[in-house]
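Residue numbers (our numbering), protein chains in the order written: chain G, 2 to 217; chain X, 21 to 367.
Derived by calculation from the structure, the hints in this document are not laboratory data.
Please read these numbers as outputs of a predicted model, since none were measured by experiment.
Honestly, I wouldn't trust all of these hints.
Unchecked claim - Residues of chain X clear of chain G, computed beta-carbon distances all greater than 10 Å:
| # | residue |
| --- | --- |
| 1 | R122 |
| 2 | E132 |
| 3 | A238 |
To be verified - Here are a few chain G residues that face chain X, going by a calculated C-beta distance under 7 Å:
| # | residue |
| --- | --- |
| 4 | E11 |
| 5 | F63 |
| 6 | V64 |
| 7 | P65 |
| 8 | L68 |
| 9 | I69 |
Unchecked claim - Derived CB-CB ranges, DEER-like:
| # | chain 1 | residue 1 | chain 2 | residue 2 | range |
| --- | --- | --- | --- | --- | --- |
| 10 | G | A34 | X | E250 | 55 to 65 Å |
| 11 | X | E133 | G | E58 | 34 to 44 Å |
| 12 | G | P185 | X | T345 | 25 to 35 Å |
| 13 | X | T116 | G | H84 | 19 to 29 Å |
C-beta atoms are modelled at their ideal positions from N, C-alpha and C, and glycine is treated no differently.
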Amino acid sequence: MAEKDALLAELARCVLEMEDDAVVNVAKEYVEAGFDAYEGITEGLAKGMEKAGQLYEEEEYFVPELLICSDAMYNGLEILKPHLKRDDSSKGCGVLIGVVEGDTHDIGKNLVKIMMETAGFDVHDLGRDVPVSEFIAKAKEMGTGIVCMSTLMTTTMGNMKKVIDGLVAEGIRDQFKVMVGGGPLSTAFAEKIGADAYTSNAAEAAKRARELVATA
Amino acid sequence: MEETTSARLLRQTLGGETPSRPPCLCPGGMMNMMTAQLMDLAGVYWPEAHQDPAVMAQLAAAAYENGLFDNVGVPFCMTVEAENMGAGVDLGDRYTEPRVTRYAVESVDQWEELHPLDPHQGRANTVLEALSLLHTRCPGAVLMGNLTGPISVASSLVDAARFYKELRKKPENAHKVLDLVTDGLIAFGLAQIEAGAEFITISDPSGTGEILGPKLFAEFALPCLNRLCEALRPRCSGVIIHICGQLQPIYPQLAQLKCSALSADAVVNLAQLRAAIPGMVVMGNVSTFALAAGNAATIRTLCQNSLKQGADILAPACGLGTTTTLESIRLMMEAVRSQEEETHAAH
Numbered sequence: 002m003a004e005k006d007a008l009l010a011e012l013a014r015c016v017l018e019m020e021d022d023a024v025v026n027v028a029k030e031y032v033e034a035g036f037d038a039y040e041g042i043t044e045g046l047a048k049g050m051e052k053a054g055q056l057y058e059e060e061e062y063f064v065p066e067l068l069i070c071s072d073a074m075y076n077g078l079e080i081l082k083p084h085l086k087r088d089d090s091s092k093g094c095g096v097l098i099g100v101v102e103g104d105t106h107d108i109g110k111n112l113v114k115i116m117m118e119t120a121g122f123d124v125h126d127l128g129r130d131v132p133v134s135e136f137i138a139k140a141k142e143m144g145t146g147i148v149c150m151s152t153l154m155t156t157t158m159g160n161m162k163k164v165i166d167g168l169v170a171e172g173i174r175d176q177f178k179v180m181v182g183g184g185p186l187s188t189a190f191a192e193k194i195g196a197d198a199y200t201s202n203a204a205e206a207a208k209r210a211r212e213l214v215a216t217a
Numbered sequence: 021m022e023e024t025t026s027a028r029l030l031r032q033t034l035g036g037e038t039p040s041r042p043p044c045l046c047p048g049g050m051m052n053m054m055t056a057q058l059m060d061l062a063g064v065y066w067p068e069a070h071q072d073p074a075v076m077a078q079l080a081a082a083a084y085e086n087g088l089f090d091n092v093g094v095p096f097c098m099t100v101e102a103e104n105m106g107a108g109v110d111l112g113d114r115y116t117e118p119r120v121t122r123y124a125v126e127s128v129d130q131w132e133e134l135h136p137l138d139p140h141q142g143r144a145n146t147v148l149e150a151l152s153l154l155h156t157r158c159p160g161a162v163l164m165g166n167l168t169g170p171i172s173v174a175s176s177l178v179d180a181a182r183f184y185k186e187l188r189k190k191p192e193n194a195h196k197v198l199d200l201v202t203d204g205l206i207a208f209g210l211a212q213i214e215a216g217a218e219f220i221t222i223s224d225p226s227g228t229g230e231i232l233g234p235k236l237f238a239e240f241a242l243p244c245l246n247r248l249c250e251a252l253r254p255r256c257s258g259v260i261i262h263i264c265g266q267l268q269p270i271y272p273q274l275a276q277l278k279c280s281a282l283s284a285d286a287v288v289n290l291a292q293l294r295a296a297i298p299g300m301v302v303m304g305n306v307s308t309f310a311l312a313a314g315n316a317a318t319i320r321t322l323c324q325n326s327l328k329q330g331a332d333i334l335a336p337a338c339g340l341g342t343t344t345t346l347e348s349i350r351l352m353m354e355a356v357r358s359q360e361e362e363t364h365a366a367h
């Protein structure tokens with residue numbers, strides 16, 4: 002157990018300290034030791050990225066540092082992803098995911114996507130800076146499922162409500178569960194705009210998605 | 021007594037004298053002043069105005085001749101330098117500014133492949149010819165040359181995200197790129213002054229304190245900006261530097277800038293900025309979103325706020341959106357003119 006914890010801590014440290022080359026070998030060592038890839042992401046890489054985000058907020062890190070941290074995280078993910086055990090309990094349920102229009106911050110969205118895939122969901126990724134109309138068009142095509150939206154910016158939060166309003170206008174709101182996430186959001190905000198859930202990190206988002214589908 | 025021209029107002033302001041009213045500027049370059057209505061008024065349009073010196077001069081003159089600003093300024097984009105050094109540019113259309121569509125090199129490691137900037141080639145030369153035309157056409161105006169800041173040019177030559185990472189991972193070669201860029205900008209700036217520009221504004225939207233943080237700003241942006249100031253200031257009447265975004269994290273570094281005036285974004289509290297960099301002439305910072313939204317009462321209040329907080333020069337906080345109306349823009353000049361009346365009334 003000590004070895005696993007040490008490797009998880011090392012994965013987190015590599016991301017936090019911008020070791021975008023070193024992280025690859027640590028991730029390899031981790032999977033070769035037979036440890037769980039899912040935890041490697043949630044308790045290792047994502048933890049490091051979370052701390053990097055904190056340093057950014059505290060103005061210790063700036064854009065160049067954050068870019069290298071995210072490179073390190075993605076390099077680690079490349080190694081861990083093929084080893085994720087797919088859970089089939091949510092198979093067949095579609096998840097529509099994207100960063101709302103006006104925002105290009107997609108690290109959080111990409112993590113949620115991986116967690117959702119691991120939880121067995123069928124994920125359609127619309128990418129970043131996604132117009133309201135694109136969410137609606139794809140939702141109509143899917144017919145039912147979960148809509149996940151994220152943004153890191155207060156200026157673009159309003160676009161989440163526009164997507165929900167669009168689903169209502171199309172008469173398909175009840176066919177979907179709507180989940181939102183991102184830095185400036187809160188449960189109160191989710192309730193205010195009529196979303197079904199707010200989650201604060203990727204692992205929690207996947208867990209909550211399962212619950213939402215189970216109760217539907 | 022010397023006639024009170026727009027150019028004199030700015031000379032006085034930058035020289036530490038008290039002019040009869042604050043100048044009202046929108047320099048050009050990244051600080052775009054061209055709008056759809058203004059193009060209609062001038063009868064000439066983008067993208068032709070980016071390529072033909074007579075058309076460029078005709079459009080630049082319109083802002084001054086219609087009493088919107090104290091200056092004329094060229095060019096109308098921030099791609100001239102990067103294109104000259106090897107980047108591919110799409111000139112846009114009537115309402116879209118030119119933008120870089122192909123980077124010159126993949127990494128700062130290829131710094132030797134960059135072309136040295138030649139001011140007498142391509143659209144750089146168009147800018148020089150337009151400045152000569154404007155020099156004759158608008159004698160009283162503030163004749164403003166514009167340069168894209170060193171970090172912004174460099175991050176148009178190498179993909180921005182890559183460039184930012186290489187500042188940390190390959191600092192030596194990042195410095196090589198920035199040195200080449202700064203040499204080119206000095207040559208282009210001096211050529212603009214030679215062609216008739218009396219003032220130069222350098223805008224560096226990609227080299228902000230918010231993006232780089234104090235350490236990288238001090239290591240990479242500050243020395244280049246100061247090298248530009250040292251080369252250009254003795255040859256003209258003033259060098260203005262505009263830096264976008266919040267400035268608080270880099271106040272100590274800004275205090276070391278050797279420019280004649282510092283222009284700030286709408287998020288900056290000018291009173292606080294003035295306190296942090298005593299003695300610096302401050303320009304700013306009317307929200308371009310408010311100007312584009314067009315609520316006259318809001319715009320008037322914002323102009324008064326900027327002036328009250330200590331703007332020596334009133335200016336938009338960034339480039340104007342092309343849909344901004346002439347009525348909205350005129351409110352800025354109205355605000356500085358009302359100060360002139362107040363000065364008269366006080367006497």
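How the hints compare with the structure:
For R122 of chain X, the non-interface assignment is confirmed: its Cβ lies about 20 Å from the closest Cβ of chain G, beyond the 10 Å cut-off. For E132 of chain X, the requirement that its beta carbon stay farther than 10 Å from each beta carbon of chain G is met, with the minimum near 23 Å. Here A238 of chain X stays apart from chain G, with its beta-carbon at least about 12 Å from theirs, past the 10 Å limit. For E11 of chain G, the interface hint is violated, since its Cβ never comes within 7 Å of a Cβ in chain X; the closest pair sits about 21 Å apart.
At about 3 Å, the closest approach between the beta carbon of F63 of chain G and any beta carbon in chain X falls short of 7 Å, and the interface hint on this residue holds. Interface restraint check: V64 of chain G against chain X, minimum CB-CB distance 4 Å, threshold 7 Å, status holds. This hint holds: P65 of chain G has a C-beta 4 Å from the nearest C-beta of chain X, less than the 7 Å allowed. For L68 of chain G, the interface hint holds, since its Cβ comes within 7 Å of a Cβ in chain X; the closest pair sits about 5 Å apart.
The interface hint given for I69 of chain G holds, since its Cβ lies 5 Å from the closest Cβ of chain X, which is under the 7 Å cut-off. A hinted range of 55 to 65 Å holds for the C-beta pair A34 of chain G and E250 of chain X, which are about 58 Å apart. For the pair E133 of chain X and E58 of chain G, the supplied restraint of 34 to 44 Å holds, since their beta-carbon distance comes to about 38 Å. Between P185 of chain G and T345 of chain X the Cβ separation comes to about 32 Å, which falls inside the hinted range of 25 to 35 Å.
One distance hint, 19 to 29 Å for the beta-carbon pair T116 of chain X and H84 of chain G, is violated here, with the actual separation near 46 Å.
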